[in-house]
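> Here are the chains, one letter per residue:
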Amino acid sequence: MPSPVSEKLLTAEDVSKLFSIRQGFSSHSFLAVDHASFALDPAKPEIFTIAGESGSGKTTLARMILGMEKPSGGALTYKGRSIADLKRSERRSWFFKEVQPVFQDPFAAFSPLKRIDHYLYETVFNYGIARKSGADSHINQVLTEVGLSLAEVKGRYPNELSGGQAQRVAIARALITRPSLIVADEPVSMLDASLRMSIVNMFRRLKDEQQVSILYITHDLATAYYCADRIAIMLRGWIVEMGPVDQVLGNPLHPYTQSLKEAIPQADPDKTWEEKPGLLALESDEFARLGCKFAGRCPHVMSICREKVPGNYQANGRTVKCFLYDEGAVGKDEVGRNMAGVKTPSAVTA
Amino acid sequence: MTNSLGVVRGEQAEPVATKPQSTTASHIVEVNGLKAYYMSKAFGVNRIVKAVDGINLAVQKGEVYGIAGESGCGKSTLLKVLLGAQQPPLTVVDGSVKYFFDGAQTAALSPTENSLREIRWREVSYIPQGSMHVLNPVRRIQDIFADFISAHASVSKAQTAKMTRQYLAGLGLPEKVLSSYPHQLSGGMRQRVTIALATILSPRLIFADEPTTALDVIVQRGVIQLLKDIQQTEGSTIVLITHDLGVHANLADRVGVLYAGKLVEEADTRTILKEPRHPYTQYLINSLPKLDERSERVSIPGRPPALDNPPNGCRFHPRCPFVMDKCRIHDPQLLPILPGHRVACHLVADHLAHNGGIPAEVSYAKPS
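Protein chains in written order, with my numbering: chain A, 1 to 350; chain B, 1001 to 1368.
Since the hints were derived computationally from the structure, they do not count as laboratory data.
Here are the simulated DSBU-like pairs of lysine-lysine, each with C-alpha atoms no more than 35 angstroms apart in a straight line:
(1) B:Lys-1274 - B:Lys-1098
(2) B:Lys-1290 - A:Lys-261
(3) A:Lys-70 - B:Lys-1176
(4) B:Lys-1061 - A:Lys-271
(5) A:Lys-154 - B:Lys-1041
(6) A:Lys-261 - B:Lys-1274
(7) A:Lys-207 - B:Lys-1274
(8) A:Lys-271 - A:Lys-207
(9) B:Lys-1228 - B:Lys-1157
(10) A:Lys-271 - B:Lys-1080
(11) B:Lys-1157 - B:Lys-1061
(12) A:Lys-271 - B:Lys-1290
(13) A:Lys-8 - B:Lys-1290
(14) A:Lys-79 - A:Lys-8
(15) A:Lys-261 - A:Lys-79
(16) A:Lys-271 - B:Lys-1274
(17) A:Lys-97 - A:Lys-79
(18) B:Lys-1228 - A:Lys-271
(19) B:Lys-1061 - A:Lys-261
(20) B:Lys-1061 - B:Lys-1274
(21) A:Lys-261 - B:Lys-1176
(22) A:Lys-132 - A:Lys-207
Bear in mind the structure is a predicted one, so any value in this text is a computation, not a measurement.
Isolated chain A, as found in the complex (with noise of 0.2 angstroms):
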């Protein structure tokens, strides 16, 4: 029975992730994902892009979505029902035949001692895809749709193939089952600029071609860029800055955004950057920061920055997380202004 909330493909409300590192007798804890909320619409297939730096809680979340964690606080729910919640046979005959992974390191997640072939048929037979007799042709009809065929890839060793056809046939492998969602954990980090577009590009296809949803998670904005829809940057657990990737990348808004965007190195020597960098903060510190975890690296900042936590404000068709976008914190004169990128002196006093 369709409800209002199952109409939604994968929804995250105030996720939170608590972790607790103990060193010696005490312990301390911190929030890897802190509050995340956000959407997938399954009438629409899209590539939702997380970015964000080491250390920013993205792979935590992909572990929650694939049930791996469970939430320390909030709801995620696939298609209506909470991930956490599942029993353990529906995760097997449902809900892995829905939601398939994609991982980093196609070498790691590849036993070397094994054939390649043997994971595709291996997913095959455990979802009860097809009978032996069929088992052939369903694989080679998903490793068409990566550009291999299955004549290539019988019989090879991971260590056989290159980089990109092993993550190629790590997301054929994920391709299996039909599923409305993959969750790609920076499938392309691993690979070299020239097969990275060669992964990517295919991402495209397969959102287009097979309607498959794609939620990409990555630190390389350049590819986001290309090849994604929506983004959300993350930084230390936050969800910083949410919207279109040409609007939230084009016009970034929020001083993270901004300096994340400065920071990729582009091949241009016309392009080359200028000012020095901001000294970076030690990872804890900035966990464990009271205000907004950026304001010790934000060329922005302002005294409330350093007491309250900044809410989810709107601009520009987006989220973002900073004080900068708030008229209760700066007026309405000075939201506009920073939206439209002119920052007076008076909006970045401390």
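Go by the hints and put chain B onto chain A.
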């Protein structure tokens, strides 16, 4: 310029022409006809992987020389040999690597280890890729520094500690780092510590193997800035290996593009990025995603050849859109087409020979 063109017209120029011009004082590293193969013998089957196959290059004093190429094209092998750190099965078959410090010449491939031991870390240093595997996990950072310095310089303990603290402060690393264990630091911080470790004895020549590859953009930017600062204050020379042309654009002065164990193009960074002549370099640059456009980008068809059985002739010919008959038979020489710009491609060489000048535009070899 006429000189270099004359060489080109002289049909399949002698290999001499492609070698770096005689030992000038400004060179710090010279590589001549270097061939390094992985030679293994298992069950009576000889397997030879030609990872570095006939490389000539010279690195000038004080510059950042970038080496670019896909994985599996021999970048790291080349660096190992440049460091004189080759070990079986990697064998140097032919050629030489020479360092020049204060006019004195050191052969990096000499059989005696002692001469190398003396210059390693003090003169020649190395920044490896995986910083996690370099730092001893059971020693605090300050102890790692102490171990390192005491092994290579005769300095008292107190002085070592002072030196370390000053150097790290100069690089902008927080003092907290010193008393931490490696696992307590983030990836970017560890990579900075590794760089600090490699440069604390002010070496004149630094080899960096993918120093930023595992890092995310903001951290990467900081690390690149750190390398730049060190290079500028110490006046050292850096040989930088990375497949990320964006990093080369920001750091390198000159770039050499490696393909399947051979140098296919070499020029200053601007020329490589703006006016690449070799079809492979053009592909490499055209395949990069850009932040200001979302038009479809083509990836290079096929994949790099396996180096135990490389294709005959030009090693790029199975993937090259402009392949000619002679590309399948003859291996193109690395020829100078402009001062400081060398290309190994029959197409470019023919164009030069027939038109008798420098091709004005790139479009003759633009991948469609």
